[in-house]
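Chains as they are written, first to last, in this note's numbering: chain A, 1 to 191; chain B, 192 to 811.
Rather than coming from a laboratory, the hints here were simulated on the basis of the structure.
Please note that a few of the clues may not be correct.
[Stated by the list, open to error] Per the computed footprint, the stretches of chain A lying under chain B, defined by three or more beta-carbons under 8 Å from a beta-carbon of chain B, are:
| # | segment |
| --- | --- |
| 1 | 11-23 |
| 2 | 144-155 |
| 3 | 165-173 |
| 4 | 178-188 |
[Said to hold, decoys possible] To give a feel for the contact side, a few chain B residues facing chain A, derived at Cβ under 10 Å:
| # | residue |
| --- | --- |
| 5 | N316 |
| 6 | L513 |
| 7 | I516 |
| 8 | I517 |
| 9 | A670 |
| 10 | F777 |
Keep in mind it's a predicted model, so treat the numbers as computed, not measured.
From the three backbone atoms N, C-alpha and C, an ideal C-beta is built for every residue, glycine too.
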Amino acid sequence: MEKFDIYLIGVGGQGIGLLSETLARAIDHAGFEVQGVDTHGLAQRGGVVESYIRIGPSHSPLIKQGEADMVIGLEINEALRGTNNFLRDGGTLLYAPTEWQPLAVRIKEDRQDVSAALAAVCKERKINKIEADQIELEDSRMENVVLLAVLARERLIPGLKKGHFTLALQDLLTGSVLEKNLEIFLQVFGE
Amino acid sequence: MKKLGDVLLQPEPFSELLMGNHALVRAMLESGVRVATSYPGSPTPEIGAAITSLPREKNPIYFEFSVNEKVALEVAFGAAVNGHTSCVFFKSVGLNVASDSFVQLGLMDIPGGMVIVLGDDPGANSSQNEQDNRHFGRLSYIPIFEPKDPAEAYKMFKEAVRVSREKHMPVVLRLTTHVCHAKQKIEFAGLEIKEPDNEPKFSPEKFGPYIPLTRSVFELKKIALERLKKFQEDMKDSPFNEIINNGADRGIITAGLPFKSLLEVVPEIEEGVNILRLGVVHPLPENLIIKFLKEHGEVKILEELDDFIEQKIKALAYDNNLNTIIEGKVDLDDWIGEYTPDKVRDVLEKNWPDLLPPKESKKPIHQAIPRPPQMCPGCGHRSGFYAIKKALAEGDISVADIGCHTLGYLPPYSLGQVLLSMGHSSGTASGLSLFNTSKKVVAFLGDSTLFHAGLPGIINSVFNQHNFTLIIMENDTTAMTGHQDNPGSGRNVRGETKKIAIAPLLESLGVEKILEVDTYNQQKLTDYVKEALDFDGFSVVIAKHPCMLKFSREQRKKGRILKKVQIADKCREIHACVSTFGCPSFQLNQDGTVWVHEDLCIGDGSCIQTCPVQAIEIKK
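Just chain A, same shape as in the assembly (with noise of 0.2 Å):
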């Protein structure tokens, strides 16, 4: 497979960890050559945090400014930050519409139509952008199961099917949590 870069990106707390983990084992299954790596420390509390996949030969495991060839953002402001720092022109973007507000919104330093926003910078740069389904969750951070059924459903990568993705699940979760997990999966997969 030729090379395909995502950059995710949310905020501490909402699970990015096992989406990304969960995404590159899929690519392993899918038999790609792949290599990643998550940011940890500070930014887990509340701040943003990050993750590089890279399919394909590549050296370093991080991506160039605005080379990714997908976005995959679990929150509306965070979204707009990664496509802003890492999406090329023309490339996509996968979001999730939830909205955490950063701390200068909430004591009313700053303010921003984020959705706006965001729109205004995808048509410039004639972004493909996807917004994901929304569905009643039981728990917030299983917005992570449906970004991977919409990746799935909608193919935007290219060579990873539906099998793929719950073998992936399969290797990370076990008994309930599984259970509820390839529910959601399928559901937003439709079937």
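Take the given structure of chain A and dock chain B to it, following the hints.
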């Protein structure tokens, strides 16, 4: 489900997608490490998590999170001079704490072998500086390996153990954040766990002396220098140093992860470059470097953080009368930040603008609002800071320390105005209180940090009769690095242990004024801090509440559904909850109304008392 512990213990060779920190544990198992010690700190705590994931009955490694890095290093040393192969690992600044003993290791004969794994943090992702610990290797006559990626970290660890055992010398494996955390598919060798040999091998007669005093200091120093020389000789053909020859005129010497960044940039460089990548960064493979210099008219040293190898290579060229043009760091920016592919491009462009076409960068039409890290919903520290702020006067001085509570320095609390290191707060506050009669001084300290390095500052405050208030932010865990137990938790990695309670400890040290309160009891905490500030002398307030991230995770694991708070109709949009208390669960609509984000709220209710009109209530 693939359990990490089972994956790591497979007897047969396998390949798996793993992060560097986890792969290291397989290397420990394969190379017969018996004792591993640490103090938690990013980027290394996942090594500890991987060791504790090994099923207890099959785990051959004794592991402990020690009280601090110095003790961890000493435990590993003691085990290794008794014949057990050991490994100590910690973060970059952890070496400062351990350094008093670390600098002696080079002088010691260590028959069991001992590897020190350092997690340096270029880019200061989760550290208070980006110090370059290679300097410590030179200072202490201890060799350093530096891998380029997780697969090599796995191999190098095994080589480090082999060399350490063979030469009875300590060896450093220096990792950086994105080598620790990078994930790749790694080919692992088979694993055979040998029957342990518990025979104590400690023998000053055979391996000593171990007392470096008077004349023996010189003897031991000479042995250390000879061992290092021998190491350098033995490593001259090490496969961890590699040359990439693209038939170019210009060369680059680099090491570690920046090498991989460089490979991302090479296709952009017109005319190409040849590369010498060093895996042994101290002492350097001199002959290999001299040969590389001779073969190129111009060589760039591409080096993250300090000019550690640059200086040595320039000296080598001088000593060997080489007239190769050697280009090191161009300006101060070259000393700062992680050498990501983007950074490497910027650095090289400064040297060779003719070979790297300038990259145009467009400014986004809408910037995203910054998102600084903050305390979690329900965090006891938030409730604490909110109450403590009410007790302080404008202009009073607050001293931060290291832990989640450091985040109190951010608005809306802005508590904690100066920070040096783990446990510095009592000492710094003592100095700030000298000759100072107009401004009260408060210092913060976490519980794990109190045990780690906070006690000497506290004892000094009693001994030298300082006058300030210490607020201990006790949450029963080491939260920032992933909830490791500390001496106040009543548990260690193996199970229950004696809990060291803080108040009786301080009493026994002679602290005269000790007040203790749960931070959710905000009024009482405010009163206590005022009382402590009014006390003439050294006073302590223990402001405690268990870590709520840990608590809420445990609740979810048990299948419990957490409650939520809601805003009642009587809300008058005063916004104390959103803007002064600052819990991230409260969100502000553009029309000024407030709502509770149920993805975030854990229903702790610590916010209820902050509303002047009692408009926050637990949702039924």
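Evaluation of the provided hints:
1. Proximity of the segment 11-23 of chain A to chain B, defined as three or more residues with a beta carbon under 8 Å from a beta carbon of that chain, is established by the 4 residues found.
2. Using a Cβ-Cβ cut-off of 8 Å, 0 residues of the segment 144-155 of chain A lie near chain B, which falls short of the minimum of three, so the contact claim is violated.
3. Counting residues of the segment 165-173 of chain A whose beta carbon lies closer than 8 Å to any beta carbon of chain B gives 4, which reaches the threshold of three, so the coverage claim holds.
4. Beta-carbon proximity to chain B at under 8 Å applies to 1 residues in the segment 178-188 of chain A; the threshold of 3 is not reached and the given coverage is violated.
5. For N316(B), the shortest C-beta to C-beta distance to chain A is roughly 5 Å, which falls under 10 Å, so the interface hint holds.
6. A distance limit of 10 Å between C-beta atoms decides the matter here; for L513(B) the minimum to chain A is near 30 Å, and the interface restraint is violated.
7. A distance limit of 10 Å between C-beta atoms decides the matter here; for I516(B) the minimum to chain A is near 27 Å, and the interface restraint is violated.
8. Interface hint status for I517(B): violated, as the beta-carbon distance to the closest one in chain A is roughly 25 Å, over 10 Å.
9. The criterion of a C-beta within 10 Å of any C-beta in chain A is met by A670(B), whose closest approach is roughly 9 Å, and the hint holds.
10. Below 10 Å, beta-carbon pairs count as interface contacts, and F777(B) has one with chain A at about 7 Å; its hint therefore holds.
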